[in-house]
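Chemist: Given the coordinates of chain A, assemble chain B onto it according to the supplied hints.
Spelled out from the first residue to the last, the chains are:
2 protein chains.
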Amino acid sequence: MGYICTMKFLAEIEILPKKGLLDPQGKAVLHGMSQIGLPQVSEVRVGKFITLELDAASEAEAHEAADTASKKLLANLIMESYSIRISQG
Amino acid sequence: MGYICTMKFLAEIEILPKKGLLDPQGKAVLHGMSQIGLPQVSEVRVGKFITLELDAASEAEAHEAADTASKKLLANLIMESYSIRISQG
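For the protein sequence lines, the chains are A and B, in the order given. Mapping the first sequence onto the working numbering, position 9 (from 1) lands on 9, and the numbers just tick up by one. Every number in the working numbering is 89 more than the matching position in the second sequence, counting from 1.
Accuracy of the hints is not assured; some may be wrong.
With a Cα cut of at most 35 Å, we get these calculated DSBU-like pairs of lysine-lysine [what the hints assert, rightly or not]:
#1 B:K107 to B:K97
#2 B:K160 to A:K19
#3 B:K137 to A:K8
To be clear, the hints were calculated from the coordinates, so they are not data collected in a lab.
If we strip away everything but chain A, and leave its shape as in the complex, we get (with noise of 0.2 Å):
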């Protein structure tokens, strides 16, 4: 039997809806920039930051666990797309 060794990573996931699709709180935030005096914002889309706080042996694992709880919990496919980022923590 061999040693594990693992290190603590930080994953930062980013969700959004996806391009094309409907995004009601998005059209919601646009509209309510124009009332704080910031009409120059032209597009917003809303969607959900999430980090992880992970153990795992190399970035590639960390990164690999993060896209399955991406795909498998966090993000919608369907209507979602989400980028990862990987720290070591």
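Modeler: Coordinates of chain B only, in the frame set by chain A:
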């Protein structure tokens, strides 16, 4: 009267509940991680990811507009912290 040249910028804003504050959504997602076979995840925090497309004369001006939007409309500064990335869109 002079010309005013502006460029398109993309502002990406990440908003998270502040450390130490209760994040019930994060706790619920953490519970789900074990159920999908990812017990190596030890902490989850759930926040918002918002993108803005906007016109500005410079990256600094785009950042200032995104900062104003975050402070006045997008983030609840008592409970949340935010960070902004600007790129040319």
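Chemist: All hints, please: hold or fail.
Modeler: Right, here's what the structure says about each hint:
For the given pair, K107 (chain B) sits about 31 Å from K97 (chain B) by alpha-carbon distance, which is consistent with the 35 Å threshold. About 26 Å separates the Cα atoms of K160 (chain B) and K19 (chain A), which keeps this hinted pair within 35 Å; it holds. Under the criterion of a C-alpha separation no larger than 35 Å, the hint pairing K137 (chain B) with K8 (chain A) is consistent with the structure, at around 23 Å.
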